[in-house]
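Residue numbers (the working numbering), protein chains in the order written: chain A, 59 to 870; chain B, 2 to 345.
Hint data in this document are derived by calculation from the structure and do not stem from the laboratory.
It is possible that some hints are incorrect.
Derived, one-sided and incomplete: chain A residues facing chain B with beta-carbon distance under 7 Å [claimed, not checked]: (1) Arg422; (2) Arg552; (3) Ala559; (4) Ser563; (5) Gln797; (6) Gln800.
No residue lacks a Cβ here, since even glycine has one placed at the ideal position from N, Cα and C.
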Amino acid sequence: MLVSFNWLKEFVEIDQSPEEVAELLTMGGVEVEGVTHVGADLDNVFTAKIVEITPHPASEKLSLARLSLGDREETVVCGAPNIRVEQVVPYAAPGAVLASGLEMEEREIRGVRSRGMICSEKELGLGEDESGILVFDGETDLGLLLTEALPFIDDYLLETSITPNRGDCLSILGTAREVAALTGRPWKTPEVAAVEGYGDIRNEVQIEVPDADLCPRYVVRMVVGVTIGPSPFEIRLRLRRSGVRPISNVVDATNLILMECGQPLHAFDYSLLEEQRIVVRRSDPGESFTTLDGMERKLPENSLMIRDGKRSIGLAGIMGGLNSEIHEGTESVLIESACFERFSLRRTAKALGMSTEASYRFERGVDPEGSLWAAHRSAYVIQKLAGGRVLSGYIDVYPNPIVRPSVTVRTSKVNSLLGTNIAEKEIPRYLERLGIKIEDKGGATLEATPPSWRWDLDREEDMIEEVARVHGFQNIPVSTPAYRSDPDRSRRDRDRTDKVARLMSASGFTEVITMSFVSRRSALEFAAEGDHAEALALLNPLSEDYAVMRTSLIPGLLSVMKRNVSFRSENLRLYELGKTFHPVAGQDLPREDLRLAGLATGRRYPDSWHFQRGEVDVRGAIEAEREIDFYDVKGAMENLCDGLGVAGLTYVPSEERFFHRRKSSDLLLEGEKIGFIGELSPEKMREHDLSAKVQIFEILLEPLLIRCRKERLFEPLPRYPYVERDLSIIVEEKVSGEQIKQLISRSGRDIIASVILFDLYRGESIPEGCQSMAFRIRYQSENRTLTDEEVQEIHSRIVETLAREVGAAMRE
Amino acid sequence: MVIKETMEQELKKLKEETENVIAGLKDESSLAEVRTRVLGRKGKLTAYLRGLKDLAPEERSRVGKLANTIKLELEKEFDKAEVAVRQEAEKSKLQSEFVDVTLPGRRCWLGRQHILNRVARDLAEIFRDLGFQLAEGPDVELDYYNFEALNIPKDHPARDMQDTFYFSDNVVLRTHTSPVQIRVMEKQQPPVRVICPGKVYRRDADVTHSPMFMQVEGLWVDEGIAFSDLKGVLVAFVHEYFGEEVGLRFRPSFFPFTEPSAEVDIQCVICGGAGCRTCSFTGWLEILGSGMVDPELYGFVNYDPEKYTGFAFGMGIERVAMLKYGIPDIRSFYENDVRFLNQF
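When you get a sec, could you build the whole thing from the sequences and use the hints?
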């Protein structure tokens, strides 16, 4: 809310500067987000009276205005349509700077010299009106700086941010009460002195409130014989600076009081009522209603309506109706000052998607005791601004006055909850500053009754918070809680996922975090075959791109990749560790799986000076293919399993449709598929408009983490030397490396320590459909040094086995 | 006699010749070759030594002595020459070889953890040291845990504080990590000391909001816990993470699940409190929401509000990361530009 400092000072005495008040309020719980000095930059703008208007010799649209500044005169060219003799207007002399930044100077306009100009409110930054010049009250002193003649122009605006519990602070009065409580000064309410004495309202209108459950209080007053017109400049400026658009004197008066004391009011044109009654009751089923913004709205069930006996004329507490709106010809005004039940009103406003200054305040609780005062005040202000006569009396339907129960407050509880040592006699003093009534019950116990405007105080804790606010949070000491420490077993899972992150980093993968929601289209794009995947859809997504919960991390990674490639970051190794969401039949909440997914594309090694394309790479081998391939990503997966101490992850060719059929693998753990790894299929690449090959993997993390080895047992180091023999064979391509490794190991009895494939070649000099493989076999025994003969015997047997089992031919 | 003289002369001559040859040789292999030729098994000097047995005993001893002396001397010469030649060779080799120490080394791609996860971990570590244990909860949450049990009934304006994503009337994307508080308290009686990091979601996307972001939530419930303890723990945290010199202030605020509630500001880490754009020239930055657990919550989890009190706090991890690392735009975290990610 925007709080005018000038206005605030009408309600409470203030010795502090606006900044100091802002600080005080902020530290007291009414956060001031900013303080703006307004209207101060109007140097060289003076008040002046138009004493003569003559036509411009060269233009029909322009005229020459002779201005009196009291002791001197100036003549300016003016083009405004509303210019009249005797008007007091703002005159911007040479040197003045307008709101647009334009600096005034003496200049010639169509042959006539003009020293400055008469300004509109928009030109001075004092409003939005640019239809004509700004006109002040005729009594304004002449020849003075605008800010001297009209001191209210120079003001400070405090922008307060009010928490939902403090609806009472959504007004100048409410803010003033806070300032008063925090400074210990008294606050006061403004003048109410309507001149009554014409007829009796009870003869003009009847009020019936059948649905009193939704409307605890309904007060009306009436003013007749008003003249609708614009409000004076001061009122318009005040409203505008509060963020309210000025409309007409009567409407402005109701808005002014809304801002002033927080009581929303509504003014009906009395002559538009079909029957001279007001009936407050729920809407009819299926009812539609046109609000004064011209929108026809289908009313939700149980909307509270203001009716004139025949039809609805207002949507209670939210917006008036078009059919009873104040208009230029309005003469009699019926003012409503009511108190509506907040939760029901909020349901209606929410359902209609409406939030108005009135509904916002009603939802947060309006002071029921203030309704009557606001009705009187509005009659007074309308009479002041629009003339007319105030009808005698008022109607106040308040069948069950709201009584706020008192709250027991224990001094001991105050100090134990806050950790303070506030003296017993201080506590009632603090509370009384907030308008809370105190009854001392003795035994360090108080009965505290909240004021009618504080809906948020009905428990001991609420009162303790008030004590703390007035005492000052800064005056509460700082202490360290005592506790008995326990071993922390809560981190085990987190530590393991941290380990996964470290291992992925070590393999050169960079972590990304993508949105948990994805587009409907990509949601199931990477669901594993046979998963019967289904995505959880949001009822109110932000956009189509974020419509459903992800079931795989791959779509996120792909879009991150595309974004990076578009910025020419083409060598990427990315991973994400996050949840996927899977609806479970018969359950409210989905299953949340923790997954790890990765993506790699581009070059295998960073560019460097030490090898050129096609030359020797860092490992000293001739490098034919420098693009990342399946084995780079598989290597990362192996590092991961090794680091976690998980054995037994097996790789079998994958059937997933988004993969290259011969460059992909499913990941199996104890026979169960827990993920996949491979190269995106050419179709997928085309679909996503990718040019470089992309390797991806995704794996369920839970099965890995539960098998994560906690304790490792020492294995003795070999005590006898090893012998290495190489074995180079040619076999058909369909024979896998793993198959041969197993054959070798099996025929080696217990003296084979390791088998490593160190060369694989297909192509020239190798028969079509065949491949050359070279293995390095390490022979080692745990209990003796092996002899050449022993090794040779086993080695020959391996050669025979391979020839027999897979038709391997030895290479020389 | 002739033979004797001849042998002695020949030996001396061989010595002289060999010494000349050694002097002229510059590489180790030639030296080795010459050494073999002279001193090897089939070498010249060895041949003389073998021939000694044909001499008369008297001569044999004399000539033999001479031959042995020469042998020893030559061996010494060879050794010396070899050392010299080796040193010479090494010297020139060292001179011909060099590395340009300014060239970049050979590297592998270096992976990094996402800055937000790192910050989340750092924060959790600090609170771990302060006695908190870790707790987690689901992202897709029941309205009951996200709102109802946190004292945010339906139709309450407090719901306006958080724009919510819905799956159905009673299933939402959690708007804060606070539901974890309820889940933890449902499962155990006090003392409770937990820290709960996680992703949260609000239906809001602009320059300063991401529809998904991260929070970390803390909860401490026990007998005799006071507001001053909340201050103590948060002061300790801020000093540990942002530095001992950073001041902080507690302002009254409102959260439906705490009473009293406090917003916590720290002195601007950019300008040190003097006022700058980051702190909107106030010198203060809002980083934490906190307060004493509202006794209303104890009703939902069957704690005795007369026996137990506690405090809770929560903060946005992006906000903390932005302040700690001077990152101006929250969207950077989720754009995942590797040029950004690799900076941390």
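Right, here's what the structure says about each hint:
Restraint check, A/Arg422 versus chain B: the minimum CB separation of about 5 Å is within 7 Å; hint holds. Taking 7 Å as the C-beta cut-off, the interface hint given for A/Arg552 holds, the closest approach to chain B being about 6 Å. The restraint placing A/Ala559 at the interface with chain B holds, with a minimum CB-CB distance near 5 Å, inside the 7 Å limit. Taking 7 Å as the C-beta contact cut-off toward chain B, the hint placing A/Ser563 at the interface holds, the least distance being around 4 Å.
Hint status for A/Gln797 relative to chain B: violated, with the closest Cβ pair at about 31 Å, above 7 Å. For A/Gln800, the suggested interface contact is broken, since its CB lies about 31 Å from the closest CB of chain B, more than 7 Å.
The earlier numbered hints that this structure contradicts are 5, 6.
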